[in-house]
Amino acid sequence: MRATASTPLRLPPLRAPVVFGSLLVLLVVLIVRSLYLQRFDHDFLQEQGSSRYSRAIEVPAHRGRIVDRYGEPLAISTPVKAIWAWPDKVEATPGEMKALADALEMPSASLSQKLASGGDFVYLKRPVAPDVADRIAALRIAGVHDETEYWRYYPSGEVMSQILGFTGDHDIGQEGMELAQQSWLGGRPGTRRVIINRRGDVVEDVASIRAPQEGRDLALAVDSRLQYLAFRELRAAVEANKAKAGALIMLDVKTGEILALANWPAYNPNSRTRAARDRMRNRALTDTFEPGSTLKPFTIAAALESGRVTPTSIVDTSPGTLTIGSATIHDAHREGFLTVEQVIQKSSNVGAAKIALSLPASAMWQTLSDSGFGAPPRTGFPGEVGGRLRPAKSWKPIEQATIAYGHGVSVNLVQLARAYTVFATDGELKPVSLLKLDGPVAGRPAIAPETAREVRRMLEMVVGPGGTAPKAQVAGYRVAGKTGTAHKLEGRAYTDKYVSSFVGFAPVSNPRLIVAVMIDEPSAGQYYGGSIAAPVFSAVMGTALRMLGVPTDAPVSNVVLPPDSAEIGEET
Amino acid sequence: MMRVNLVLLTVLIACALSLVTSRHQARKLFIDLEHEAAQTRAYDVEYGQLQIEQSTWAMPARVERVAREQLRMQLPTPDRVEMLDEGTR
Chain A
1 MRATASTPLR LPPLRAPVVF GSLLVLLVVL IVRSLYLQRF DHDFLQEQGS SRYSRAIEVP
61 AHRGRIVDRY GEPLAISTPV KAIWAWPDKV EATPGEMKAL ADALEMPSAS LSQKLASGGD
121 FVYLKRPVAP DVADRIAALR IAGVHDETEY WRYYPSGEVM SQILGFTGDH DIGQEGMELA
181 QQSWLGGRPG TRRVIINRRG DVVEDVASIR APQEGRDLAL AVDSRLQYLA FRELRAAVEA
241 NKAKAGALIM LDVKTGEILA LANWPAYNPN SRTRAARDRM RNRALTDTFE PGSTLKPFTI
301 AAALESGRVT PTSIVDTSPG TLTIGSATIH DAHREGFLTV EQVIQKSSNV GAAKIALSLP
361 ASAMWQTLSD SGFGAPPRTG FPGEVGGRLR PAKSWKPIEQ ATIAYGHGVS VNLVQLARAY
421 TVFATDGELK PVSLLKLDGP VAGRPAIAPE TAREVRRMLE MVVGPGGTAP KAQVAGYRVA
481 GKTGTAHKLE GRAYTDKYVS SFVGFAPVSN PRLIVAVMID EPSAGQYYGG SIAAPVFSAV
541 MGTALRMLGV PTDAPVSNVV LPPDSAEIGE ET
Chain B
1001 MMRVNLVLLT VLIACALSLV TSRHQARKLF IDLEHEAAQT RAYDVEYGQL QIEQSTWAMP
1061 ARVERVAREQ LRMQLPTPDR VEMLDEGTR
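So the protein sequences, as listed, match chains A and B. Numbering-wise (this note's numbering), the first sequence opens with residue 1 and increments by one. Numbering-wise (this note's numbering), the second sequence opens with residue 1001 and increments by one.
Think of the hints as simulated: they come from the structure by calculation, not from any bench. Worth double-checking, as some hints may not be accurate.
[Unchecked claim] Derived lysine to aspartate or glutamate pairs resembling DMTMM-like cross-links, with alpha carbons at most 20 Å apart:
#, chain 1, residue 1, chain 2, residue 2
1, A, Lys114, A, Asp102
2, B, Lys1028, A, Glu204
3, A, Lys98, A, Asp88
4, B, Lys1028, A, Asp205
5, A, Lys497, A, Glu239
6, B, Lys1028, A, Asp201
7, A, Lys114, A, Asp88
8, A, Lys125, A, Glu96
9, A, Lys354, A, Glu341
Computed from a predicted model, the values in this text were never measured in an experiment.
Assemble the whole structure, with the sequences as input and the hints as a guide.
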């Protein structure tokens, strides 16, 4: 020690510069590295850093409800869980499998079958109630997971199935109003960036990346009580008459709102897995049929408008047939001389054809077109059709004659009901709406008020003594309407299958409701509109008017039914 | 000079501490707010489910069945219905 202290320390000559140099090099490396991290790796590091404390989280937005005109819910979305699994990764003891099967309420065998079916993803069950999903999550079985999704529930079930339609995956509208109003109803989830703490709580909002857009509620014009009434009566009539199908629509005369629109057969939108495509169709809007005699009032209106006839002009319908070229028109009953009023009341084909042939085709076409035939009723419903009304220039005399009593034209039921607003008001054609409106809407004048009143009186005679539809009468209210019994067209030939219909309105002193009934292929013996569709009209109209508290305009003893043995005349 | 610096230092430390406290308070309140918002969503969901339940119980078909079968009610025939004028109500 002493020696080293006394002798001066002789370092190797290069030692100091080498140490200094290597320290310098290290320093430069550090500086370069930090510059590199700051400059070139900056984005990646920033992202890594912020991912430790910041999250982009989804803000859920749910689909709007569909409600009826009084706010009764008709379609509501509610969150449910879907249970899914990776079959390859499922590890569970037999006991756990048993517990899982019990929680899913399915037999163990079918659960194992689902898991054995292979593939890398399989839904075990959807939808599942949230509390059941929690129980399954508590089992902690590897490879079994759940996810939240929205399920659309329809409390009214099959009663309104065709109007509402349904939604598919991700709660997106697939049919009916759900599809038509998708952009209004559909919610769009948003995202926001937040700062979270160690426990995963959100402690600060940083930014909203996309604001969520909640779905809006949609109010339909439908009155759910009237809808149920219509559905119940229609279903009973279709089943009693062993018919293929049926449809019924109820319109508010003042506003054109669709208060009820029933179809049978129907399906249950809450469990539609096995529902046939055919049952989902809203026949009243998407199917056309030849209306038959329900079109005659428009022929008569055209004739009255032209000034060529008055309600009391005489038409000779004997001998009950009319031959035009190679075709012959028949009446079901020989009537002889009829007034124009009686042509409607007794529904004479020959009478209507003769009146039509006295008119220029263009005048008749104009009245039909002004009454909304040949164009869609523009309800906004998906798949709506407009029916067929060919231009007057192409009409041959036989066509003009058959169109007079509703053959050679086609309509849908909504269009037909809407056309009757012309007679229920003083000649105005009202627009129809599936959505709730705030008040009366203006229509488009189609025929003169005087003509409308005259035809209205004729339509009241139809349900009176000597008319074709005494069964359409309603106790306490004056009603007016027209029967229709049309041969069905299959391919190019008419068959012995029928479409029975009735369109009418009440109370006649101040019409409030229009009801149109259509029964397709009744096959229990009877097929006249006056005996099949008219009783449905009477039951629905009577109950609806009393439910709505519409003041009566006739004594309750006004219903006069002919004895059962008496024949009720009706044409095809 | 020295005294002024000391005073400023104390003020600075006080400010810094109060910033930390208020920041902490804000975060705690925000967590509460988030919990309440989550509660609101949960109540919304429950409200929807209750609405479904209510409308299922109140389905016209069920009401009619209960009225007819359990309560033995029936629709009055038209001759037993009296219509009142708007004015007399």
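Here is how each hint holds up against the structure:
Between the alpha carbons of Lys114/A and Asp102/A the distance comes to roughly 15 Å, so the proposed pair stays at or under 20 Å and holds. Of the pairs offered as hints, the one joining Lys1028/B and Glu204/A holds, with about 10 Å between alpha carbons and a cut-off of 20 Å not exceeded. The straight-line distance between the Cα atoms of Lys98/A and Asp88/A is roughly 18 Å, inside the 20 Å bound, and the hint therefore holds. Our distance criterion of 20 Å between C-alpha atoms is met by Lys1028/B and Asp205/A, whose separation comes to about 13 Å.
Our distance criterion of 20 Å between C-alpha atoms is met by Lys497/A and Glu239/A, whose separation comes to about 17 Å. Only pairs whose Cα atoms come within 20 Å are accepted, and Lys1028/B paired with Asp201/A is accepted, the gap being roughly 10 Å. With a C-alpha separation of about 12 Å, the suggested pairing of Lys114/A with Asp88/A holds against the 20 Å cut-off. Between Lys125/A and Glu96/A the alpha-carbon distance is near 17 Å, which keeps this suggested pair within the 20 Å criterion.
The suggested pairing of Lys354/A with Glu341/A holds, with an alpha-carbon distance near 14 Å, which does not exceed 20 Å.
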